[in-house]
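Engineer: Respectively, the protein sequence lines represent chains R and F. Under the working numbering, think of the first position of the first sequence as 3, with each following residue one higher. Under the working numbering, think of the first position of the second sequence as 420, with each following residue one higher.
Hints listed in this document are in silico derivations from the structure and should not be mistaken for laboratory results.
Which residues of chain R face chain F? A few of them, derived with a C-beta cut under 8 Å, are:
{"id": "1", "residue": "160"}
{"id": "2", "residue": "164"}
{"id": "3", "residue": "171"}
{"id": "4", "residue": "172"}
{"id": "5", "residue": "176"}
{"id": "6", "residue": "186"}
{"id": "7", "residue": "227"}
{"id": "8", "residue": "230"}
{"id": "9", "residue": "234"}
{"id": "10", "residue": "235"}
{"id": "11", "residue": "236"}
{"id": "12", "residue": "416"}
Using N, Cα and C, we set each Cβ at its ideal position, and we do this for glycine too.
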Amino acid sequence: MFVESLKCGFNVAEVVKTFGIFVIDSKLLTSSATGKLSHDKALAMQSTKTMTFKKKLIRKFCAGLGMLSLLIAAGCRPSTGLEFPANEVELLKLQRHKYGPNEELDSKYKDQVAGVMAALFGTPDEPAFPFPANDASPFRALVSLGNLNASAGPVASVKDGKENLGLYRKHCANCHGLAGDGAGPVALTLNPYPRDFRLGKFKFKSTPLRVPPTDEDLVRVIRHGIPGTGMPAFPNMPPDEMEAIVDYVKYLAIRGEVERRLWDEVTSLAGEPLAGIPGSLDTAQTREAFRKVLVSDPTSPISDILFDDVLPRWVERDARVSAVPTAPAGVEPNDAEFNSLAGVGKELFLGKANCIQCHELPGHSATQAVNYDDWTNDWVKTPGIDVEDKRTFREFLKAGALPPRLLRPRNLTLPVYRGGDESRDLYLRIKNGIEGTPMPSSVSLNDEEIWALVAFVRSMPLK
Amino acid sequence: MNQPNSLSFCRWPNRIARWLAVVSYVLIFAGGLVTTTAAGMAVPDWPNTYGYNMFLYPFYDWFFGPWDLFVEHGHRLLGTLAGIFAILLVIVTFRKFPGTRMPAFAIVLLALVIFQGTLGGVRVLRDDRTIANLHGVVGPAFFALVVAFCVISSRWYRRNVVEGSGAGAEQVGTGNLTWAQTLLGLSFVQLVLGSLLRHIDVMTSPRGFPHLVYTHIAVAVLLMLATWWYWWRTRRMSGTGLRWPVNLLSIVIFVQVALGLITWVMKYGFPWWLDHYLVAASFVIPDKTMQQTLLVTAHMAMGSAILCFWTVHVVRMRGLLKGPALQ
Chain R
3 MFVESLKCGF NVAEVVKTFG IFVIDSKLLT SSATGKLSHD KALAMQSTKT
53 MTFKKKLIRK FCAGLGMLSL LIAAGCRPST GLEFPANEVE LLKLQRHKYG
103 PNEELDSKYK DQVAGVMAAL FGTPDEPAFP FPANDASPFR ALVSLGNLNA
153 SAGPVASVKD GKENLGLYRK HCANCHGLAG DGAGPVALTL NPYPRDFRLG
203 KFKFKSTPLR VPPTDEDLVR VIRHGIPGTG MPAFPNMPPD EMEAIVDYVK
253 YLAIRGEVER RLWDEVTSLA GEPLAGIPGS LDTAQTREAF RKVLVSDPTS
303 PISDILFDDV LPRWVERDAR VSAVPTAPAG VEPNDAEFNS LAGVGKELFL
353 GKANCIQCHE LPGHSATQAV NYDDWTNDWV KTPGIDVEDK RTFREFLKAG
403 ALPPRLLRPR NLTLPVYRGG DESRDLYLRI KNGIEGTPMP SSVSLNDEEI
453 WALVAFVRSM PLK
Chain F
420 MNQPNSLSFC RWPNRIARWL AVVSYVLIFA GGLVTTTAAG MAVPDWPNTY
470 GYNMFLYPFY DWFFGPWDLF VEHGHRLLGT LAGIFAILLV IVTFRKFPGT
520 RMPAFAIVLL ALVIFQGTLG GVRVLRDDRT IANLHGVVGP AFFALVVAFC
570 VISSRWYRRN VVEGSGAGAE QVGTGNLTWA QTLLGLSFVQ LVLGSLLRHI
620 DVMTSPRGFP HLVYTHIAVA VLLMLATWWY WWRTRRMSGT GLRWPVNLLS
670 IVIFVQVALG LITWVMKYGF PWWLDHYLVA ASFVIPDKTM QQTLLVTAHM
720 AMGSAILCFW TVHVVRMRGL LKGPALQ
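Modelling step: build the complete structure from the supplied sequences, incorporating the hints.
Structural biologist: Spelled out as structure tokens, the structure:
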């Protein structure tokens, strides 16, 4: 921190000189303590110097502090003007997959991709969204620019503190990172790692695999937190701030997905999708003008990525919510049929559903092989990487990847369910699986069997 | 020049310094609340508050307004109160301690209050985490200096050090002074580390933070063990006025380490290797709740209390061993 302070340009020599007077004083006393001077002599020497010392002390100290204050005020740079960091891990992975050992993408394409991303989505301080030109388009309702502006930028308040800005940096960025890459400053100290939104995958939701979560799903996770993880609950967050943060999370996820698709296209076609795109888009005006061009050209590959690939998935999610049938009698622990239904569930757990493959039971060991989640598998399955040998993926760590960590299947003997502890939540976890993890969707089970499993899962902590 | 012994003792500088110490400690706690609740930018302007002169900002809007505004504006008002006490201290010290270096010390305190206020203002105007960090470190340093002033201007110091009538110097030993000074310094280093952890910037690499955490934990363990060892080492120091701060420290250091662990859990949850215990597996971090806010802030404030007790101990011991300071 103090080294960083030096960047502000204050005069180090003056500060040293200012505080040096204390050093002189302490030297005198130390000499006394070590016997080089008698104690009385040392005190006498000090008292004869008192008046000049006092003047020097006051003058130098005040001068030093004044200078320090002024130079800090004048010289430091505010923390604005940030750019989203590029997804270097994705680029590295794609290059390893598609290019030869010593080949890599021309750096001019990297600048172009950064320019396109800034044009489409703005910056962490000035967000934008590639809304289509057509006002009636369903994509227009995905996020509100007002909400993005409330969440983006540095933390601030306006209107006598009644309107807060910079909500994402205030509540989320230390864990999830500025770009939603799950690599914020504290990420390495958390297990599981904070979610990387850029894959567009979310664990606890009411929609099937490969369908993004609804707004209500995101609100629920933010409002109630996730037990046993670093994800806090925000019980006191006002609804408007919650809505703004939900929109910003969607924005970061969509931005991350678009960037990944863009890198994929660019590395596959050696930069062809970027033909005709200027290399520099460094002002908000040029970015906005360019964004309008990009979103209004239906033939451009970028338009394809946006309007045929990424955004439709987000628009369709509300229609894809999984219906939860009425639970039969016996699912809740106080139902008379609970034990018999749980017994059926146990048979399924050990047999047809094969839950025992990962989740241990007393007296039954899991048979599961080593597993990682999708956020790790996404890059560790790159050719040449051996997760046991750090030397093979050091380059990825330097690019921003977090070290691989093994998954730990839930301990079902504890009544703790991260995605919600109602029977409905357990039904959805079993029915749809958990996105991004080895927990599969149960395509071979009917509703009765799923409810029986729910009853068994509920019965386990009671034994 | 007046000799120390010829000065008639006046309690007013000490009384005002004590008030300044109390206000400073409340100010440190309020500053801690500001950081814990991320309310540092709740008021965008400085020295004004939403365009009003700081002192004329409507009471109702402040007291019954949003929490962030309440904390941040309250912190500023407390800061000005500390400034007023610092000015009073300079005036009274000049009148009551002429011919000593005490007025110079009072001026240093006033200069530090002004510097600290300026840092707080610049932190808001530039929205700069580095300055926030510096602001968070200068506060406790200032508090420790005020405590030192309280000790030097106290009746105990007068009787035992200045007039030299107190017994017990022979029990102290210079080795103890070296240890006490080292532990005082280490406590301050620990406070700086804590400040760095609290003011982490969003662009900081995730690889840096764990190193800071481990260093903070290592220094905490070292300080706790060393404090207990020092308490044992100085067990025969009773009756000298030096013992009670060490007794308190031996308890407070344990409370502080416990608060540190609670702070971690309240901010980041239990370590994953405890998740086969229900209490850890079911724990949900209660972000920005009063419970979290007070516990995390208490950890920060306890750090300053530790600095205070070490300062009392060291300044008194230095006085007994090396003669009166600033006379």
